[in-house]
Amino acid sequence: MTDWNAMDDEDFRQDVRRFFEQKYPEQLRYPLQRLRWAEIKGWYLTLAEKGWLAPNWPVEYGGMGLSPAKFLIFLEEQERWGVARTPDMGMTMVGPLLIKHGTDEQKAYYLPRILRGEHIWCQGYSEPNAGSDLASLKTSAIIDGDEFVINGQKTWTTLAQDATHIFMLVRTDPQSRKKQEGISFLLVDCASPGITVRPIANIAGHEEFCEVFFDNVRVPKENIVGEINQGWSIAKAMLSFERITLGSPKQSQYALGRLELLAHQRGILEDPVFLDKFTALQLDVADLASAYARFADVVRRGEALGPDVSLLKIWATETYARISNLMVEAAGAAGAMGGKIDFGAAQIDVLGNFYYARPAPIYGGTNEIQRNIIAKNVLGLPS
Amino acid sequence: MNMNTMNESHVDRDDERRLLKDSVRAFVERTGGASRARALRRCSPGFDRSVWREFADLGWLAVTLPEAYGGLNLSLAEMAIIAEGLGGAVAPEPVIEAVSLAAGVLSHAGGPLAEAILPQVIAGTLIPALAWQESTGSYSPDAVATKVQTDSQGGLSLHGVKAFVPYAEASDGFVVSATDACGLVLFWVPASAAGVTLTHHRLATGASVGRVTFDHVPVTEDNRVASADTAARALGLAIEEATVLASAALVGLMSRVLDITVEYLKVRVQFGRPIGSFQALQHRAVDLYIQRELSNAALADAIKELSANGNSSSAHGAVSRAKARCSDAALLICREAVQMHGAIGFTDEYDLGLYLNRALVYSAWLGNSDHHRRRYATYWKDRAQGVAA
Chain A
1 MTDWNAMDDE DFRQDVRRFF EQKYPEQLRY PLQRLRWAEI KGWYLTLAEK GWLAPNWPVE
61 YGGMGLSPAK FLIFLEEQER WGVARTPDMG MTMVGPLLIK HGTDEQKAYY LPRILRGEHI
121 WCQGYSEPNA GSDLASLKTS AIIDGDEFVI NGQKTWTTLA QDATHIFMLV RTDPQSRKKQ
181 EGISFLLVDC ASPGITVRPI ANIAGHEEFC EVFFDNVRVP KENIVGEINQ GWSIAKAMLS
241 FERITLGSPK QSQYALGRLE LLAHQRGILE DPVFLDKFTA LQLDVADLAS AYARFADVVR
301 RGEALGPDVS LLKIWATETY ARISNLMVEA AGAAGAMGGK IDFGAAQIDV LGNFYYARPA
361 PIYGGTNEIQ RNIIAKNVLG LPS
Chain B
384 MNMNTMNESH VDRDDERRLL KDSVRAFVER TGGASRARAL RRCSPGFDRS VWREFADLGW
444 LAVTLPEAYG GLNLSLAEMA IIAEGLGGAV APEPVIEAVS LAAGVLSHAG GPLAEAILPQ
504 VIAGTLIPAL AWQESTGSYS PDAVATKVQT DSQGGLSLHG VKAFVPYAEA SDGFVVSATD
564 ACGLVLFWVP ASAAGVTLTH HRLATGASVG RVTFDHVPVT EDNRVASADT AARALGLAIE
624 EATVLASAAL VGLMSRVLDI TVEYLKVRVQ FGRPIGSFQA LQHRAVDLYI QRELSNAALA
684 DAIKELSANG NSSSAHGAVS RAKARCSDAA LLICREAVQM HGAIGFTDEY DLGLYLNRAL
744 VYSAWLGNSD HHRRRYATYW KDRAQGVAA
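So the protein sequences, as listed, match chains A and B. What the first sequence shows, in this note's numbering, is residues 1 to 383, in sequence order. What the second sequence shows, in this note's numbering, is residues 384 to 772, in sequence order.
Hints in this document: simulated from the structure, not taken from any laboratory. Do not rely on the hints blindly, as some may be mistaken.
In silico DSS-like pairs for lysine-lysine, Cα to Cα no more than 25 Å straight-line [as the list claims (entries may be wrong)]:
1. B/Lys764 - A/Lys250
2. A/Lys221 - A/Lys100
3. A/Lys376 - A/Lys178
4. A/Lys107 - A/Lys41
5. A/Lys250 - A/Lys221
6. B/Lys649 - A/Lys277
7. B/Lys649 - A/Lys250
8. A/Lys376 - B/Lys764
9. A/Lys376 - A/Lys179
10. A/Lys277 - A/Lys340
11. A/Lys50 - A/Lys107
12. A/Lys221 - A/Lys41
Chain A is nowhere near these chain B residues, computed Cβ spacing over 12 Å in every case [what the hints assert, rightly or not]:
13. Ser418
14. Ala451
15. Val592
16. Ala615
17. Gly693
Chain A residues, not near chain B, derived (Cβ > 10 Å throughout) [said to hold, decoys possible]:
18. Pro199
19. Phe278
20. Glu368
Note that the structure is a prediction, hence the values are computed from the model and not measured. Backbone N, C-alpha and C fix where the C-beta goes; we use that ideal spot for every residue, glycine too.
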């Protein structure tokens, strides 16, 4: 068994890079939508076979046991090569959750099934009236004998149609003093009677997220993670690392390259109106990369990320959105054409980028919520 | 802390830098911060010569200059700490202008004039200025109409008009760029030389910027600082370094203004609550904070790149990136600070104006954000063509 953490950072980076470059299917690089299970299953199993599916899990549970610093390198290389996200909620959320808060039985049952690609997880957090204000969620789980009985609705559940399981936040104490206090964390088999999944088409026409309805769904009591009514603090503690990964500059760097190619093909690269905007974006991306590197250094030193990391998510997602906006402008008449457009030497999906840039400032905590976090926890502004 | 003892100490570099930062902060607190700039702003020469001597005693005028001239031979990173700290207090002393830019050219050029002048600069007894730009305002070091002419007896004279010379009225001499038959040359001309006349213009800060006329000023070979490639390299490198330090001063300035503004949002009560509790203002404050953080990141890159790669286009690109970001961010933060303060922010009595005016001066100096984005685009295009070829 390789001790990845003992490796030199650069050697590790080269190993990871080589594997992605050799094994990742070329036609799936830099997809502008989340890939469905049927499309990405092969890559999922390739990773599983290599033992690289769960880079951040401890070795004893079948992970690579990477330190945060090495994990960041792994993610950076994944981004660099445009490797698509698999349905990775099992690896990024359920695994770390169970390893920290799960019972021995839960770990023994669920973890190997995630690593084998047998269980595909989705995240049941948002509800129609609980988005940014997630703690207002109403889906209830009432104890009845040895079971919880779930009633309610989750929504914006990414790729629920491909999932075999859903981990969810449910209200177990409707009388709690604070709304955050009556919430628990449950693991649910999607095959349970009473669950209905309805895909929702997005602006781009893709069915990436779903509504999930729960009508008297019965779940064994032992499917709770952690203590009853402690789900909120468990969920909150799992969000910190996400903000640095959502703040990576790689997607913007790649999109900027596509934009440059597009402008070159259309002969407007030297046009002063275009060049002015393009150069400003180049600087925005370069400064993003510098800011990202500073936070990555914090991770590398083994220190905890502070609330200031929210600035990365804001700047990364809004910079990518500005690039995609300029792509539409630069494409001219073709800026209204769907799918890959032939610009001579390059085929570029202009609207694909434009659409793909829309949800990023919304998910993972909207950028408005991120600004609230910085205002309160970094600048110390009053409530 | 007296920096003259720094080289002998055994503390590591990070500790050294922390100590330097503390000592700049202590100086600023002891001398009253922005109130000192307020008191000096309408006087001539616009700064305090006794403070200048104190800087010399502290070793701050010697930081980046080589040991051969009595300097400390420390890096641009140390000088940036001083520039950032003084920028946060809008200190009016021309440290970047006189030491990093003018003396920087002499230092990079080397030779007998550097040996003669730099020890006096370090001692605080001589303040040099660089006279390189002309009335066109071009930032191209070789776009000079000023000429060194040779008369029939072989005597040399310098003839031309230099513009945008900071603190010209306080300067003891000028490093002047010109051309002769062989190309770019740099000459040292004492302010008292026959044929040198000054006119002044007040900057937004109240400091003066000079237009210096050299009317057939007699010079000799002893006045020659450097020629041709040596001159271009020395001038170019000093300008890049001063541009980074102006960016550092802007970072110090914008950080202070952001602090003042966030503090004001916490204490100003309207509608029965602090205005900083309003989300509209919170989000604007956060956007300013993000710009400050990006400025910090870009500045750190520029220091690193320029220290490592000197006169390369990758270093120039990093310098332009920093100056573009810091100029825009400083102006944005100052303008927003005025708005978020309301009417008090527009009064002369409140300190914000001092910062806004300094932001205007340092944003425009050595190229504003438009100029540096344009320059960045040029390097990028060169690189892109290089790759394509």
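A quick look at each hint next to the structure:
1. B/Lys764 - A/Lys250: Satisfied, since the Cα-Cα distance of roughly 21 Å is no more than 25 Å.
2. A/Lys221 - A/Lys100: holds (19 Å)
3. A/Lys376 - A/Lys178: holds (20 Å)
4. A/Lys107 - A/Lys41: holds (23 Å)
5. A/Lys250 - A/Lys221: Roughly 43 Å separates the two Cα atoms, so the pair is violated.
6. B/Lys649 - A/Lys277: Roughly 36 Å between the alpha carbons, so the hint for lysine 649 of chain B and lysine 277 of chain A is violated.
7. B/Lys649 - A/Lys250: violated (37 Å)
8. A/Lys376 - B/Lys764: violated (42 Å)
9. A/Lys376 - A/Lys179: OK: lysine 376 of chain A and lysine 179 of chain A at ~20 Å, within 25 Å.
10. A/Lys277 - A/Lys340: holds (23 Å)
11. A/Lys50 - A/Lys107: Satisfied, since the Cα-Cα distance of roughly 21 Å is no more than 25 Å.
12. A/Lys221 - A/Lys41: violated (32 Å)
13. Ser418: holds (25 Å)
14. Ala451: holds (34 Å)
15. Val592: The assertion about valine 592 of chain B holds, with a minimum of 28 Å to chain A.
16. Ala615: About 26 Å separates alanine 615 of chain B from the closest Cβ of chain A, which puts it past 12 Å; holds.
17. Gly693: holds (20 Å)
18. Pro199: holds (34 Å)
19. Phe278: violated (8 Å)
20. Glu368: violated (7 Å)
Figure legend: structure checked against the earlier numbered hints; hints not met, in rising order: 5, 6, 7, 8, 12, 19 and 20.
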